[in-house]
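Chemist: Kindly generate the complete structure, drawing on both the sequences and the hints.
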Amino acid sequence: MKNFPLQHMARERFDVSTRGRGLVEITGRLRQALSESGLREGMAHVFVQHTSCSLMIGENADPTVCADLDRFFARLVPDGDPLFRHDAEGPDDMPAHVRSMLTGTGLSIPFSDGRLDLGTWQGAFLWEHRTRPHVRHVTVTLVGS
Amino acid sequence: MKNFPLQHMARERFDVSTRGRGLVEITGRLRQALSESGLREGMAHVFVQHTSCSLMIGENADPTVCADLDRFFARLVPDGDPLFRHDAEGPDDMPAHVRSMLTGTGLSIPFSDGRLDLGTWQGAFLWEHRTRPHVRHVTVTLVGS
Amino acid sequence: MKNFPLQHMARERFDVSTRGRGLVEITGRLRQALSESGLREGMAHVFVQHTSCSLMIGENADPTVCADLDRFFARLVPDGDPLFRHDAEGPDDMPAHVRSMLTGTGLSIPFSDGRLDLGTWQGAFLWEHRTRPHVRHVTVTLVGS
Numbered sequence: 001m002k003n004f005p006l007q008h009m010a011r012e013r014f015d016v017s018t019r020g021r022g023l024v025e026i027t028g029r030l031r032q033a034l035s036e037s038g039l040r041e042g043m044a045h046v047f048v049q050h051t052s053c054s055l056m057i058g059e060n061a062d063p064t065v066c067a068d069l070d071r072f073f074a075r076l077v078p079d080g081d082p083l084f085r086h087d088a089e090g091p092d093d094m095p096a097h098v099r100s101m102l103t104g105t106g107l108s109i110p111f112s113d114g115r116l117d118l119g120t121w122q123g124a125f126l127w128e129h130r131t132r133p134h135v136r137h138v139t140v141t142l143v144g145s
Numbered sequence: 001m002k003n004f005p006l007q008h009m010a011r012e013r014f015d016v017s018t019r020g021r022g023l024v025e026i027t028g029r030l031r032q033a034l035s036e037s038g039l040r041e042g043m044a045h046v047f048v049q050h051t052s053c054s055l056m057i058g059e060n061a062d063p064t065v066c067a068d069l070d071r072f073f074a075r076l077v078p079d080g081d082p083l084f085r086h087d088a089e090g091p092d093d094m095p096a097h098v099r100s101m102l103t104g105t106g107l108s109i110p111f112s113d114g115r116l117d118l119g120t121w122q123g124a125f126l127w128e129h130r131t132r133p134h135v136r137h138v139t140v141t142l143v144g145s
Numbered sequence: 001m002k003n004f005p006l007q008h009m010a011r012e013r014f015d016v017s018t019r020g021r022g023l024v025e026i027t028g029r030l031r032q033a034l035s036e037s038g039l040r041e042g043m044a045h046v047f048v049q050h051t052s053c054s055l056m057i058g059e060n061a062d063p064t065v066c067a068d069l070d071r072f073f074a075r076l077v078p079d080g081d082p083l084f085r086h087d088a089e090g091p092d093d094m095p096a097h098v099r100s101m102l103t104g105t106g107l108s109i110p111f112s113d114g115r116l117d118l119g120t121w122q123g124a125f126l127w128e129h130r131t132r133p134h135v136r137h138v139t140v141t142l143v144g145s
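The listed protein sequences correspond, in order, to chains A, B and C.
So the first sequence is numbered by my numbering: it starts at 1 and just counts up by one.
So the second sequence is numbered by my numbering: it starts at 1 and just counts up by one.
So the third sequence is numbered by my numbering: it starts at 1 and just counts up by one.
Don't read these hints as lab results, they were simulated from the structure.
Simulated restraints, written as ranges between beta carbons of each label pair:
| no. | chain 1 | residue 1 | chain 2 | residue 2 | range |
| --- | --- | --- | --- | --- | --- |
| 1 | C | PHE14 | B | PRO63 | 44 to 52 Å |
| 2 | A | PRO5 | B | ARG85 | 47 to 55 Å |
| 3 | A | ARG19 | B | ARG40 | 33 to 41 Å |
| 4 | C | ASP15 | B | GLY90 | 35 to 43 Å |
| 5 | B | ARG40 | C | ASP15 | 35 to 43 Å |
| 6 | B | ARG85 | A | ALA61 | 35 to 43 Å |
| 7 | B | THR120 | A | THR27 | 25 to 33 Å |
| 8 | B | ALA67 | A | PRO78 | 16 to 24 Å |
Listed next, the stretches of chain C that the computed footprint assigns to chain A, with coverage defined by at least 3 CB atoms under 8 Å from CB atoms of chain A:
| no. | region |
| --- | --- |
| 9 | 7–21 |
| 10 | 24–37 |
| 11 | 45–58 |
| 12 | 75–84 |
| 13 | 96–105 |
| 14 | 138–145 |
All values reported here derive from a predicted model rather than from experimental measurement.
Even for Gly, the Cβ is constructed at its ideal location relative to N, Cα and C.
Modeler: What follows is the structure, encoded as structure tokens:
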């Protein structure tokens, strides 16, 4: 076990422009925030201020994984499903809320020696669940030393 | 990027009385805990000590969204599903565990300037998955300065 | 509300050897890390560096709950599903990524008086989603005082 003082917090906000439904990798943007903070040991927390997109950690090597994840959700929560009453913003409105509920709006990642402690195949993604492009607000909070 | 010292932790426990299956908004209760802590910048973590309810961030404006989320789960994980062996506490017992597994028992929310950093349409909810009313224990941990 | 200084961070890494698909309880291993850290009040964060296993908090008393959770996923995300294109590592490859996406790679648990603040029936589990045994890397980060 390693021990460290816990002294600093750094906060960064940035926007992600999506091109409609699909995964956008943000690992590089998180690495940049960590580097700018100067922190070496600690935890990074990422948060999206929306209820129709989400954050997840997934495979970053093979793009067919991202396509398959989206295909799975398209079958599980189909657009225009007559089950849903809430469709004020269209057939993808309520499915986007369900997808967001199942994947979550927050993500925590440890970092060590100034580097995100991700596995070889792990990447951090913002998942746009609406079919049209959106600008999404992300808050990164880093705590550590 | 903004930098802050990281100095304090505050902990608050409270109970939520549910009226059976459905979402109970707890955003106001979290705001109150943050206000009482006197902290201005940091992270709030919320945790439920149960395996048949969960926490989530969802749309707080249109009650049909909550109803649709519940309708989605009722179809995905129906009460009394013959797939399940564990039914010691009734037909909603195992479905409640599955719903809890899919949504999670913890939630992290950043705060800034003494306010929860939620988006315009975001609210924090405790989701009761049992059909009968329960008293649920919630632990809030605030870290920051 | 209780207030504490926030001063220390401790980090522990350990491996979990799985016997193929199924839940492995790691609550004891987390308790040990907390005990070794000497911290009394704070938060524990657990993270797996993989995209085909996950972490969850679930019922730790009745083993049929674990079996039912796995049976639910076997129906929701069947191995060899023709929906999936990514099958480089076999019929359980893409289903493992989907299961991981739905349950998550991280977990936060508060602790108090030197003890994990879990409910009576809560246990922390690593969930292996591949059918063959694997060695999984876990990172525990404890913050508090």
